[in-house]
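A.B. asks: Counted the way mature numbering (1 follows the signal peptide of the UniProt record, and there is no 0) counts, the sequence shown spans residues -22 to -1, 1 to 163.
What follows is a list of derived Cβ distance ranges for each label pair: (1) Asn51 to Gly144: 51 to 61 Å; (2) Thr123 to Lys143: 19 to 29 Å; (3) Thr47 to Ser145: 39 to 49 Å.
No more than 25 Å apart at the CA atoms, straight line, and that leaves these computed lysine to any residue pairs for SDA-like: (4) Lys72 to Val21; (5) Lys143 to Tyr122; (6) Lys109 to Tyr122; (7) Lys84 to Val131; (8) Lys72 to Phe25; (9) Lys143 to Asn93; (10) Lys137 to Glu94; (11) Lys84 to Tyr12; (12) Lys143 to Glu117; (13) Lys88 to Arg162; (14) Lys72 to Leu43; (15) Lys109 to Asp154.
If you're looking for bench data, these hints aren't it; they were derived computationally from the structure.
Heads up, the beta-carbon is just placed ideally off N, CA and C, and yes, glycines get one too.
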Amino acid sequence: MRTVFKNFLVLAVMLGTFTSFANEMLEVTPTFNYVTKGNHISVSDAFGEVIYSGEINYSGNLTTLFDFTQLKNGKYDVEVTNGFRIDISTIEVKNNIVFVTDANRKTIFKPVVRNENNSVLISKLALDGEKMDVELFYEGELIYTETIDGEDVLNRVYKLDKTLKGSYTTVIKSNDRVFVKNFRI
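Model the full structure from these sequences, guided by the hints.
C.D. replies: Printed below as a string of structure tokens:
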């Protein structure tokens, strides 16, 4: 009789546990809203005017760290820059309620420019196949230009003349942005 009672008690506890978990709603926090300390944030309105720009001081969910409810009704672009990656999300504010729009989410990768052994190495990931313009300047004078179209990955090595020591500048235009890197040899 004791074993039957113990088995019945165990069954009741298990059934109660399972039914309590069945009614529980799990809240999922989207990871694209997660930002880390040290990242840079920029908020611009529908006209492209930058409303806020600054460094993120704490890690956490973007919508809890920043109070977007105080913005006027409308759509805003939020750019979070993390190293060589720029994540762009669109938020919409309606009557002090913030909605994150996934449809307009975009990621842009910044180019990486290195100077090694009188050579310039340029790498850029362009998963959208966006056209890229590369310009190389020596002492402010254009010495090389190239337009790359339809490539997902830009990998270029440009050999520089050892005798031309001075300041160089690379200008890469892509995704309606201009990336500039200055260096000396």
